[in-house]
Amino acid sequence: MDIETVRNVAKLARLELSDEELQTFCNDLNDILEYLSMLDEAPDVECFGFNPIPVADVLREDEVGYDVDVDSLREMLTTYQGWVRGPRLS
Amino acid sequence: MGEGATAVMSGLTFDLEKLNQTYHMFNDMAAETVPGEDESIFQFSAKDNLCTKDLQARAGSRILEGYRPPFDATAVARLRSAGGVLLGKTNMDEFGFGTFGTNSGYQVPLNPFDLKRACGGSSAGAACAASVIPGHLALGVSTGGSISCPASFCGVFGLTPTYGRVSRYGLIDYGNSLDKIGLLTMDVGHLRRFLPIISGADPRDPTSCAQPPLELDAEVRRVVIPEDSLNGVDGDVLETFQTAIEHLSHMGIEVTTMPMPALRFALPAYYVLATSEASTNLARYCGMRYGERNEDYNQHFDPYFSKTRSRYLGQEAKRRVLLGTFTRMVGFRDRYYMKALATRELVISEYAQAFEEHDLVLTPTMPFLPPLFADIEGMSPLDTYKADGLTVPPNLAGLPHLSAPCGYVDGVPVGMQFVSPHWTEGRLVTMAESWNGAHPPMRPEVIL
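Residue numbers (this note's numbering), protein chains in the order written: chain A, 8 to 97; chain B, 2 to 449.
If you are wondering where the hints come from, they were derived from the structure by calculation, not from laboratory data.
Hints are not guaranteed to be accurate.
Said to hold, decoys possible - DSS-like cross-link-like pairs, simulated, lysine-lysine; straight-line CA separation at most 30 Å: (1) B/LYS19 <-> A/LYS18; (2) B/LYS308 <-> B/LYS54; (3) B/LYS117 <-> B/LYS54; (4) A/LYS18 <-> B/LYS117; (5) B/LYS54 <-> B/LYS19; (6) B/LYS117 <-> B/LYS308.
It should be emphasised that the depicted structure is a prediction, and the values quoted were computed from it without experimental measurement.
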């Protein structure tokens, strides 16, 4: 992994890194990735899931309900005339 | 911080402010005082990544400064319903990213047995509180060993239930397929009393809904040690562990060894899965919804999000987000993420084979004594990750496990870790009670 790759990954992760940070993380990540390459030696397994236990679908009655009071959530955000404020999209 | 907060435990009253000035175990404390006469009322603490109505939930991170959730995590709500009074939120490595408790955005908890040493992470404050406050019950969270490790370093019992046994509703996620809420305490009776209270299906967390009933009565006769697990364990820890094995034999438990070669793949698989999941979970901390706010709404969303994240996430959080983003990228996903998922299945199968003829799998909990802070500074990130080599395998596999204090070296505790099959926490509770009967843990001398 070179500095440019780290810079690209940081951009995807929405992190602004200084040149010094880029170099430090580049060194650290190369050490770590070299260690992770041990996975190449692990025998393949045919079936696997995304959780360590079987997970069942859970359905509830189709009724409107709120876990948390909506107004209390709105109070925690910056709002303008009842709308949640956010940054520009373009 | 609350003023005049006290802990009333085992008939003794503790000034939490004073305790916290010495040990740094709490991030936020309640102002409530509870008389100690009503035995149905008990006090407990919750790790800082568990949401609670009346206190901040910052998960040890500066980016969540000021976040006060409007609801309780299910585990906290269930303890409150059972008569529990929440004393405070315990300090931790930021979002659970650490092995020593030193990656907190706030103060670093100090080991009750030696203030120059680490408590272990990431439930550092929870283990510290469980060790220092008599009779205390601490809710902890483990992703890759964050209950076992600090339990071992602080000389307390740390029980991590099966993945899915305790609802994760209200937990600030690190790795969704790995996170487990459990208990830390020096009072072994708390495991039997409180595990059933926090366990059980919760429609708000579908992973908790497939669980069988919790059975606490069990027998432990045969224990097995993975052959390679003792490689790399420091001599003084090994000696203490060998003595504990002799004690187990005297208790009538047969201890043998067997090869479990697939366990060596658990650590790399864990760091791929944990960081992959963490990097997506942390995307929500962007300066808009929780904690630290970026009020510059004229900015485009890219620099807007990046500014808050870059300023308030700590170095280890950034490192793990970078690693997890990389291992999910197009071109690398199959090699890392998918392979790690397959490897988890391999590790689960390896354990299943061991459990065909044995009740529990046993190892030391950590390969060395609680380290001095000065020594931690010299460790690379990879060195630190490798320190999780014994706690990660059961965590990756979602298996319940218990760290129990098994001896002391120069007054500093050593832990051993028992692992049992999915949904058989009863074996661990039984083991803890039997061990405690013969070898009760030592209390640290509390400094006020």
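Each hint, compared with the structure:
{"no.": "1", "hint": "B/LYS19 <-> A/LYS18", "result": "violated (44 Å)"}
{"no.": "2", "hint": "B/LYS308 <-> B/LYS54", "result": "holds (29 Å)"}
{"no.": "3", "hint": "B/LYS117 <-> B/LYS54", "result": "violated (34 Å)"}
{"no.": "4", "hint": "A/LYS18 <-> B/LYS117", "result": "violated (39 Å)"}
{"no.": "5", "hint": "B/LYS54 <-> B/LYS19", "result": "holds (25 Å)"}
{"no.": "6", "hint": "B/LYS117 <-> B/LYS308", "result": "violated (36 Å)"}
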